[in-house]
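So the sequences go chain by chain: H, S, G, L and A. Straight run, no breaks: the first sequence in the numbering used here ends on number 620. Straight run, no breaks: the second sequence in the numbering used here ends on number 329. Straight run, no breaks: the third sequence in the numbering used here ends on number 358. Straight run, no breaks: the fourth sequence in the numbering used here ends on number 587. Straight run, no breaks: the fifth sequence in the numbering used here ends on number 365.
None of these hints come from the bench; they were simulated from the model. Don't be surprised by glycine CBs; every beta carbon is placed ideally from N, CA and C. Any given hint could turn out to be false.
[Said to hold, decoys possible] Residues from chain A that keep clear of chain S, each with C-beta distances beyond 12 Å, as calculated:
id : residue
1  : Val58
2  : Asp111
3  : Lys165
4  : Leu226
5  : Gln237
6  : Gly304
7  : Gly314
8  : Ser315
9  : Val324
10 : Lys334
11 : Leu361
[Stated by the list, open to error] Here chain H is said to cover these stretches of chain G; the calculated rule only asks that three of the stretch's residues, wherever they fall, bring their Cβ under 8 Å from a Cβ of chain H:
id : region
12 : 77 to 86
13 : 276 to 285
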Amino acid sequence: GCGSSKSKSGGASTGGGKTVLNVGMPDGATLPANNNPYLDSSFAKKLGYTWLIWEPLAMQDEAKPDQDPAPWLATKWSWSPDYSQVTLTVRDGVKWSDGTPLTADDVAYSFQIQKDHKEVDYYSLAIKGVTTSGNQVTVSFDGSQYVNRTKILSTQVINKKQWSAMADPSKDTVANPIGTGPYTIKTTTPSTVTVSARSDYWGTAPKVKTINFTTYSSNDTMGAALTSGAAEWSYYFMSDAKSTFVAKDPAHYKLYFPAQLSADGLWFNTTKKPYDNPHLRRAMSMVINRDDIFNQGEAGYFKPEIANVTGIPTPQGEPYIAAQFKNISPVTGVAAAKKELTDNGFTYSGTTLVDPTGKPVTMTLTDPADWNDYQTDLAIIKDNLASIGINATVDKANDDAWFDNIAKGNFDAALHWTNSGTTPYDMYDQIMDSAGLEPLGTAATGDFGRYKNPAADAALKAYSNATDDAGRKAAMDNLEQLFVQEMPMIPTSAGNLGAEYSTKNWSGWPSADNAYEAPQPTRWGMEDIVLHLTPSS
Amino acid sequence: MRYFLRRLGFYLFTLWAAITINFFIPRMIPGNAVDSLLAQRRGEVDSQAVQSLNILFGLDKHQSLASQYWHYLVQLSHGDLGISFGNFPEPVTTVLGSALPWTLGLIGTTTILAFLIGTGLGVFAGWKRGTWVDGLLPATSFLSSIPYFWLGLICVAWLASPLGLPTSGGYTVGNVPGWNIAGDILNHMILPALTIIVTSIGGWLLSMRNMMVTVTAEDYITVAHAKGLSGTRVMTKYAARNALLPSVSGFGMALGLVVGGTFLVEQVFSLPGVGLQLINAISGHDYPLIQGVFLVVTVAVLAANFLADLAYMALDPRTRKEG
Amino acid sequence: MSQPIVVSPQPTAAVATGRARIRFRIPSTKVSIGLAILLLFTLVAFFGDALAPFDPSKRSNDILQSPSAKHWFGTTHLGQDIFSQILVGTRSVMFVGFFAGILATVIAVIVGVTSGYLSGFLGDSVSTLSNVFIVIPALPLIVIVTNVIPNSGDWAIALVIGCTSWAWGSRLLRAQTLSLRNRDFVQAAKANGESTWRIVTVEILPNLTAIIASSFIGTVMFAVMTEIALAYVGVSGISEWNWGEVLFWAQGQQALAIGAWWWFVPAGLCIALLGTALALVNFGIDEIVNPRLRGGGKAVVRTADGRKTRMRIGFTPVLTPRADIAESGGR
Amino acid sequence: MTALDHEVVLEAEALTKHFPVRARGRAALSRVPKVVHAVDDVSLSLRKGRVTALVGESGSGKSTVARLLAQLYPRTGGDIRIDGVSTAVKGGRQFKAYARRVQLIFQDPFASLNPVHTVRHHLTRALKIHGRYEGEQSLTELLGRVQLTPASLYLDKYPHELSGGQRQRVSIARALAADPEALLADEPVSMLDVSIRLGVLNLLADLKNRLNLAVLYITHDIASARYFADETLVMYAGRMVEGGDSETVTQRPAHPYTHLLVHSAPDPERVRGATEPIDEEDSGEPPSLIDPPSGCRFHPRCPKAMEVCRVRVPERTLVGDAPDHWVACWLFGDEGGENETTALVGKAGDVGEVAEDGDDAELEPMTTVAGLETTSAEPEAPELEGAEP
Amino acid sequence: MRPVLEIKGLSVDYGVGEHSVRAVNTVDLTLNRGEVLGLAGESGSGKSTLAYGATRLLPPPGVVTGGSVLYHTDEGDTVDLLRMTDAELRAFRWSQVSIVFQGAMNSLNPVATVAAQLTDVIAEHRPKSSKAERLKRAAEMLTLVGIAQDRLESYPHQLSGGMRQRVMIAMALALEPRVVIMDEPTTALDVVMQRQIMKQLAKLKDQLGFSVIFITHDLSLLVEFSDRIAIMYGGRIVEQAPAMDLYDKSLHPYSDGLLHSFPALRGPRRELAGIPGSPPDLRDMPVGCAFQPRCPKAFDPCGVSPPPLVRPASAPERTVACYLHPSA
Ligand SMILES: Nc1ncnc2c1ncn2[C@@H]1O[C@H](COP(=O)(O)OP(=O)(O)OP(=O)(O)O)[C@@H](O)[C@H]1O
Ligand SMILES: Nc1ncnc2c1ncn2[C@@H]1O[C@H](COP(=O)(O)OP(=O)(O)OP(=O)(O)O)[C@@H](O)[C@H]1O
Ligand SMILES: [Mg+2]
Ligand SMILES: [Mg+2]
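Go ahead and model the full structure; you've got the sequences and the hints to work with.
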């Protein structure tokens with residue numbers, strides 16, 4: 084394993100009491116560490132320690148988006164009825180790491196800076212104005228921020244004194260960050276940032292005294308570090324997680340990848356013949372083996388299998404599934420698929436499927452080469468499709484070319500994810516809402532398949548405008564019905580958040596049994612997790 | 007002087023041509039830096055972030071390619087390579103500065119070592135042509151035909167733990183830099199160095215051997231034998247010295263390509279060198295970094311060529327100034 | 028005393044056989060082995076599909092099995108037969124290697140020889156072009172270019188590799204042509220009234236054969252390595268099987284880490300074997316194209332005192348008198 | 199019969215060739231481009247049915263003259279006329295037409311045959327270019343002419359399988375294949391042993407006589423020039439210094455350099471004491487052609503150098519002992535240098551006289567001439583076996 | 038006259054086995070002390086092969102197939118070059134027998150200075166000498182052959198052909214060997230240069246007292262400069278005689294032909310006879326005397342077996358291989 088014998092230094096136990104936690108990410112950055120919380124390219128954000136320094140106003144469990152967030156630096160918040168303004172109450176008794184107290188001015192500045200510097204306005208929030216009175220801060224926006232509620236509350240609070248002195252907040256490396264969080268930066272090397280716990284943290288003192296955030300140059304070295312115990316917490320796709328990671332120490336090495344309400348699946352360019360034919364898509368769905376995809380492509384843990392014909396991940400989405408689709412598997416076998424096809428104008432010439440216009444059905448499945456799971460998934464799909472006479476080829480695209488092609492509708496079929504949300508609405512919305520439709524050749528952010536169906540648009544509208552659960556249920560059932568019939572995208576796996584972690588030195592991790600937080604070390608819930616950790620006995 | 011100016015003009019022209027090509031080719035890749043950031047993060051970056059990123063990278067101002075090019079040339083003339091998108095807001099020079107030592111240190115050293123060892127063995131093999139040494143040639147060809155990344159991975163998997171060697175290049179992650187880091191780095195370099203040397207010795211060996219065989223047929227070698235000189239002396243001072251000449255320019259090329267030629271080694275051994283940066287830069291549409299790397303490669307190749315020219319002149323009196 | 032010019036007609040048969048001996052001399056063992064391996068790979072390239080026991084993409088329930096009688100090289104995580112993948116993948120490798128090799132060599136010859144033979148501005152600018160191509164790092168460039176061409180098949184890959192890897196060979200050829208250009212035999216052909224293109228093609232080119240051949244072989248190897256490296260990092264076209272593709276999957280699934288060496292090793296060995304075969308043939312090319320190096324006969328002889336020694340420069344061996352020469356005792 | 203009876207085929211007038219030298223280092227800083235003055239102001243004419251020998255020291259520009267005449271080098275100055283028409287061809291059809299009329303045998307038979315082609319290829323091509331190939335027969339005939347018999351033994355050989363002499367004969371055969379009007383033979387027999395040498399020279403003589411070929415015969419072997427050439431020209435350091443009837447030039451050399459040359463030639467008779475031993479201890483080094491000596495280029499080595507020699511280039515002067523014998527030497531200058539030379543050395547006049555009567559024992563070089571003259575009373579036509587058609 | 042080098046029954050082949058050709062066939066040749074032995078003959082008659090074969094410097098595929106090459110040291114010992122080990126040969130070469138090869142340009146290492154090439158041979162054979170001594174010796178040698186000392190630091194390409202040739206001669210004499218073999222050392226030079234070199238050589242020979250084997254096509258040169266001349270034809274010595282004797286009256290028809298083939302510069306114009314016919318093919322030598330097919334005087338025994346080299350009754354101080362001149 085990488086740095087095997089020697090690198091134990093950063094490892095677990097030092098003496099009797101465990102004090103050090105090792106977090107690793109396979110990012111490969113080796114630079115003077117950049118701590119800027121506004122930059123995706125910064126160490127702080129890539130490795131996740133940004134959340135331990137600059138805290139959010141409220142703590143949201145991303146795995147449970149329908150839950151209300153917990154108060155954090157804001158003890159209270161109230162939205163104006165039209166959701167264009169929020170008033171926050173700033174927590175008392177919070178001290179910056181330089182010893183000065185957190186004030187409403189700091190919180191206000193955290194919004195003001197996004198208004199003044201568009202390049203750090205990560206979510207394009209369109210902030211109109213920020214005012215303070217006492218320990219209250221009022222932020223007003225252009226238009227309703229209903230959908231952005233959580234994002235606004237996750238705003239990290241920065242120190243006004245420090246940031247207002249900066250010439251350009253987007254270019255500063257923030258060498259000595261001042262934050263309210265439980266940790267401060269102790270040392271920095273080209274590959275590791277070590278943070279240590281503050282003694283004057285406003286909340287309960289963390290048990291983990293020191294955390295090493297290490298960047299590994301590749302998945303291979305990351306894997307080696309995890310298996311050797313040199314790293315105890317990470318998030319990335321290990322194609323061989325079960326055999327090379329968990330199997331090394333089943334008692335301690337854990338995988339926890341909770342699903343979100345989103346689906347990964349095969350998107351079609353529904354403007355292209357013959358992929359515009361719903362019967363073809365349905366037939367394909369009938370033979371795609373989700374089981375194999377989960378076990379072989381997703382290594383049996385990564386993206387959970389979607390076993391319901393509606394594409395809604397179970398068990399999370401179980402309550403939303405219409406009665407007639409409960410426990411209905413999308414896979415019905417080759418015979419059924421062939422029947423579906425031959426009943427609807429398709430024919431066979433030998434073993435080759437021929438579309439109603441007389442052309443053999445072929446398709447190119449494309450996904451970036453370095454997404455191992457998708458590549459295996461595609462190989463499986465290709466093989467499955469061959470069973471109904473479709474000759475598919477897999478094109479391993481370059482990341483950017485692929486992204487560009489998908490956004491511009493320049494593809495036959497590709498595995499892609501959907502948005503996730505509190506209900507399956509977000510997922511269906513991205514797949515079917517023609518509001519996101521852009522002409523071919525123009526980049527779109529949703530509806531990559533260029534699917535357009537007035538009934539679907541109406542159903543989506545009905546759901547979002549519904550005033551009661553019954554209305555919502557009816558609209559959702561309708562949506563599911565439409566989806567199953569049209570199958571504009573063939574769902575295969577559920578979206579997820581997740582982590583590989585070790586309970587050898589630390590316990591208190593979120594798990595299926597104790598699902599208090601999304602486990603990913605780079606998302607904002609990580610602060611909550613760190614605060615939950617206690618030395619293993 | 008005219009000759010010298012011509013040479014200089016040639017180097018400058020090549021530099022300019024390479025810079026220009028290096029500017030335009032990356033821009034032919036579809037997509038842009040923000041798209042690829044989004045793609046790389048595979049859904050983790052919120053789609054709403056696109057706008058702020060565009061502003062951040064200066065992609066919001068729609069400059070024409072020509073004016074970008076002009077801007078780039080002006081920047082270059084100030085020695086400014088711009089700011090890397092992928093490592094925002096680090097200047098490209100910093101990124102290159104941190105990557106170059108690894109590449110030069112490992113690949114430069116091994117290239118030189120492989121050249122020295124390979125050439126030395128080639129001298130021997132050429133001298134002993136027709137003996138058992140010839141029997142080793144197929145083995146040498148075999149070694150030199152092994153893809154180095156493949157060998158690297160095999161080494162990592164099968165050699166590292168029995169030998170107690172680290173599998174990655176670079177250094178022990180998490181180590182606090184100190185004076186002992188040198189030893190640590192050396193330790194980490196053993197496997198990558200071994201891989202490169204084993205796979206590249208063969209080429210030098212074979213070409214040197216061929217030259218030796220050619221040179222030993224020259225009259226002055228027979229004369230050297232007739233002079234009763236010792237075998238070693240004839241081999242080194244007469245045969246090898248002359249046979250070496252063609253290898254010199256090849257070596258110059260190889261040295262020049264050190265910087266850009268071996269990203270796979272860096273990938274396999276997770277060495278944070280220039281090659282790896284380049285590949286990351288390409289997939290991240292990090293134009294400033296791509297251009298920076300290409301520039302470094304171009305300059306390195308030209309410089310190495312120039313040095314090879316000089317070395318050639320030093321080694322071959324016939325090309326020197328006539329008395 | 029007159030001295031007539033004698034033209035004595037004599038039978039030519041004996042000489043003709045002597046000539047045939049030289050031209051069709053059986054190549055050395057090394058070359059034969061190299062050629063045999065190449066032939067094997069070529070056959071596999073043509074008939075790999077038919078020879079493959081399984082469909083290389085076809086999944087089965089034999090997941091990650093080590094080599095067995097059924098699956099000679101074992102299976103993948105999808106239960107695909109690796110032996111079949113290697114067999115079927117040979118075509119792409121050989122195609123890209125040879126197509127790119129031929130393309131690059133043709134460009135190199137055209138550019139190198141013309142820029143060497145022509146003097147003046149045209150020659151200079153053509154040679155500058157190749158110098159620029161040398162400076163540009165080929166592999167990253169190929170990565171970029173293959174990105175630009177979506178859905179690139181083997182043709183595209185081969186084209187790109189061919190078009191980017193000719194510069195080195197052209198430089199060698201140019202240097203050699205420059206030195207040949209003023210050689211007397213070229214001048215003599217000119218003085219004889221030969222046309223320029225004939226001088227280039229008939230008088231100069233054959234003298235470059237050794238360089239052309241070795242640069243061709245070098246380029247083939249470079250193309251193969253590049254294709255495989257590209258496929259390995261995932262920059263490759265439509266998923267036709269090739270050895271790099273096999274490595275891509277093996278690496279993606281951490282074959283070595285999970286102990287599935289059979290997935291990783293054969294492709295690499297095949298590449299090395301192909302390279303070795305090419306190198307072995309290269310050994311022989313000099314002998315075949317350079318009449319000077321032909322013949323030579325035995326390298327090892329038995330000396331008068333019964334020891335075996337090899338023929339070498341500077342120490343002519345002394346042999347026992349040949350028994351078949353009767354008059355050898357006549358001193 | 200005199201030279202004038204023969205029609206001029208190829209003629210060079212004031213031919214000049216300077217090779218630029220690539221300056222390096224410090225020298226490169228100077229403005230004046232350096233050149234090798236390989237050939238300066240050389241005039242000669244090749245006539246039908248006559249052999250003109252060109253002798254001179256190594257590096258004096260003989261080969262360069264031949265290549266200029268073959269149009270392989272562009273000339274720096276002067277004119278080349280074929281049948282009185284000034285020509286300068288660079289390539290293409292024109293060159294081929296020229297090559298059919300003027301052929302060059304290269305000096306170095308090791309370099310002038312393509313190592314990858316057989317004798318057959320070389321000869322076949324040479325014949326085919328000029329449309330004279332008529333099957334195997336023509337090859338056999340060609341090789342037969344240069345005594346490479348049986349042809350079958352040589353046709354399929356590669357140059358490296360031939361001895362130097364054999365190669366030289368292949369070169370000759372190749373040049374003959376074009377059936378030219380003028381043959382420029384650059385040391386065609388230097389590597390042959392005397393018997394074969396004789397054969398080849400006889401061949402040339404025969405061709406000359408039968409086909410009315412004009413031959414330029416470049417050689418170091420002055421004796422063979424005496425025997426085979428009708429006319430002999432002497433070059434020194436890029437300039438023509440003497441010329442005339444071969445017998446005259448070799449037996450009564452006028453120019454001090456020719457004298458040195460003739461007397462350096464090995465001569466078995468010398469041992470016998472028939473000729474006086476010569477002992478010029480060190481005859482000096484050949485001059486640099488990049489920076490040739492001013493005036494007469496031989497003056498630094500000349501035992502009889504005068505002040506004028508250092509200053510002015512001597513002009514061609516008829517010596518007068520034989521119809522066309524001329525020399526470029528101030529010793530024979532009648533006008534131009536006379537005043538100065540007389541004043542400075544006081545010998546020039548004598549020398550002139552000497553040269554004219556060819557009978558002055560005071561001057562050492564001339565004594566030898568005189569001595570020789572007595573032994574070879576009358577120049578007669580060379581007795582060449584097989585020369586009669 | 039004591040012999041210094043005796044070649045006895047030397048045979049040299051190109052190639053081994055079936056396709057070998059015999060380029061030198063049972064040649065006997067004796068070189069006496071202080072003598073210049075000229076070796077002439079037809080192109081391809083095996084002169085160079087003989088010289089290199091005897092010193093075992095013949096490159097592959099040449100092999101020596103028989104005979105002995107005896108070298109008599111000043112002390113009276115006799116060694117056989119063909120029986121020497123590599124190390125002995127190395128020590129022997131140049132210090133006892135040195136060779137000047139045909140092409141001087143190719144004989145000098147292009148990347149080493151004249152001084153380096155002159156001194157390394159001294160260093161090799163006189164390991165005890167100091168560097169300064171070696172340089173001094175090198176300078177001496179250059180002066181001896183008439184080259185200025187400042188040429189020591191020159192590279193071969195900076196010297197003219199004649200100078201290079203002289204550097205080779207200087208090198209050949211640097212260790213004061215007893216025998217110097219020269220293979221067409223002046224063919225490429227003009228007569229002025231040739232004479233300079235020959236005179237220098239003659240002078241040095243008188244000073245240092247070595248013996249010379251001199252190979253050339255230039256019979257006039259040989260007659261003028263050598264003591265004895267050996268004529269080769271078809272891989273054999275056909276005649277051997279003091280230079281003037283040979284010039285005056287050659288016994289072998291081939292030698293006769295040669296002498297009637299070269300034009301004389303002075304004296305009355307002679308009739309040049311030449312030799313009809315063409316040289317023999319080594320692969321297919323005539324049975325009997327190799328010259329017999331071209332010989333105007335050939336008679337019965339010539340076609341049967343090759344005539345042995347004998348001292349003819351008529352002139353016992355010379356040897357000839359011709360049935361016309363039977364042994365005494
Ligand atoms: N291509 C060239 N470039 C520069 N200098 C040249 C070139 N060819 C010949 N020379 C120089 O021109 C001079 C005359 O050379 P040339 O070959 O004509 O002499 P040569 O009389 O034929 O001598 P040799 O008898 O040795 O053949 C020499 O000093 C030579 O170095
Ligand atoms: N490598 C070889 N293989 C076969 N035959 C050879 C080889 N080298 C030389 N010969 C033949 O051996 C014979 C003797 O050659 P050698 O060089 O000794 O002749 P030479 O007397 O020195 O001739 P020259 O005067 O032309 O130099 C020639 O007929 C030649 O063709
Ligand atoms: Mg010449
Ligand atoms: Mg010879």
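The hints, checked one at a time:
1. Distance check on Val58/A: its Cβ is at least 20 Å (rounded) from any Cβ of chain S, clearing the 12 Å threshold; non-interface status holds.
2. Every beta carbon of chain S lies more than 12 Å from that of Asp111/A, the smallest distance being close to 18 Å; the non-interface claim holds.
3. At the 12 Å boundary, the C-beta of Lys165/A stays outside the reach of chain S, the nearest C-beta of that chain being 16 Å off.
4. The claim that Leu226/A lies off the interface holds: its Cβ sits roughly 17 Å from the closest Cβ of chain S, which is beyond the 12 Å cut-off.
5. The claim that Gln237/A is not at the interface with chain S holds, since no C-beta of that chain comes within 12 Å of its own (minimum 20 Å).
6. No beta-carbon of chain S comes within 12 Å of the beta-carbon of Gly304/A; the shortest separation is about 38 Å.
7. The claim that Gly314/A is not at the interface with chain S holds, since no C-beta of that chain comes within 12 Å of its own (minimum 33 Å).
8. Residue placement check: Ser315/A keeps its beta carbon more than 12 Å from all beta carbons of chain S (closest about 29 Å).
9. Residue placement check: Val324/A keeps its beta carbon more than 12 Å from all beta carbons of chain S (closest about 35 Å).
10. Distance check on Lys334/A: its Cβ is at least 40 Å (rounded) from any Cβ of chain S, clearing the 12 Å threshold; non-interface status holds.
11. Distance check for Leu361/A against chain S: the nearest CB is about 39 Å away, which clears 12 Å, and the non-interface claim stands.
12. Counting residues of the region 77 to 86 of chain G whose C-beta sits closer than 8 Å to any C-beta of chain H gives 3, which meets the bar of three, so the coverage hint holds.
13. Against chain H, the region 276 to 285 of chain G contributes 6 residues with a C-beta closer than 8 Å to a partner C-beta. That satisfies the three-residue criterion, and the hint holds.
The structure is consistent with each of the numbered hints, conforming to all of them.
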